[in-house]
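> Take a look at the letters that make up each chain.
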Amino acid sequence: RKEVEQDPGPFNVPEGATVAFNCTYSNSASQSFFWYRQDCRKEPKLLMSVYSSGNEDGRFTAQLNRASQYISLLIRDSKLSDSATYLCVVNIIGGTSYGKLTFGQGTILTVHP
Amino acid sequence: ETGVTQTPRHLVMGMTNKKSLKCEQHLGHNAMYWYKQSAKKPLELMFVYNFKEQTENNSVPSRFSPECPNSSHLFLHLHTLQPEDSALYLCASSLQLPGTGRDEKLFFGSGTQLSVL
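Protein chains in written order, with our numbering: chain U, 4 to 116; chain X, 1007 to 1123.
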């Protein structure tokens, strides 16, 4: 099983649509979770951290389900500018006292007019 | 501008060449990282440095040699690479290492697109 797994998509949605991505992780001891966004040929940029109680930032909502070991990202009222690859990042706890921020392969989103 | 600067942006090298990638962060962070991103694959962690000491070598071949002279600068020295090493190499920094319970968010540089011929 991959340490961090995402549905690669692509997701093609019209402007204004609501779209949701899920990400599963294998290590139940993981404590830190993030969503990053990567535009074509650019570096990943932090979109939002994911907290246990769930959190919202404008049109974006992130949820964490520890029991089922997945996190989700919901985008409401999609904009053309939301087109990007969305990367799930999980702190995978290994043999050392520190973890490794481990990336999923990303989910491609295309928002069309 | 993320505060992490990488040079060069693009690099083409032959298998017998020696080159170096440079990364500098202006964020006052303590940890620096090298990641590799190949087409259709997740970002792969290569090396981690904390306060200029290496804390992670993720089974990277010795043809990749990192150097961290201080907390703000990170290099990746390349020699006798293979065509399969062609990828986007990303430098990142964070205030603290993951798992410390403190600020561990990664900030990336723009990357070096490497082609090995």
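A couple of the hints might just be wrong.
Capping the alpha-carbon separation at 30 Å, the derived lysine-lysine pairs in BS3-like fashion look like this [claimed, not checked]: (1) LYS48(U) / LYS1058(X); (2) LYS1024(X) / LYS5(U); (3) LYS1024(X) / LYS45(U).
Don't read these hints as lab results, they were simulated from the structure.
> Take the hints in turn and mark each one as holding or not.
Quick rundown of the hints versus the structure:
no. : hint                  : result
1   : LYS48(U) / LYS1058(X) : holds (24 Å)
2   : LYS1024(X) / LYS5(U)  : violated (34 Å)
3   : LYS1024(X) / LYS45(U) : holds (25 Å)
The earlier numbered hint that this structure contradicts is number 2, and it is the only one.
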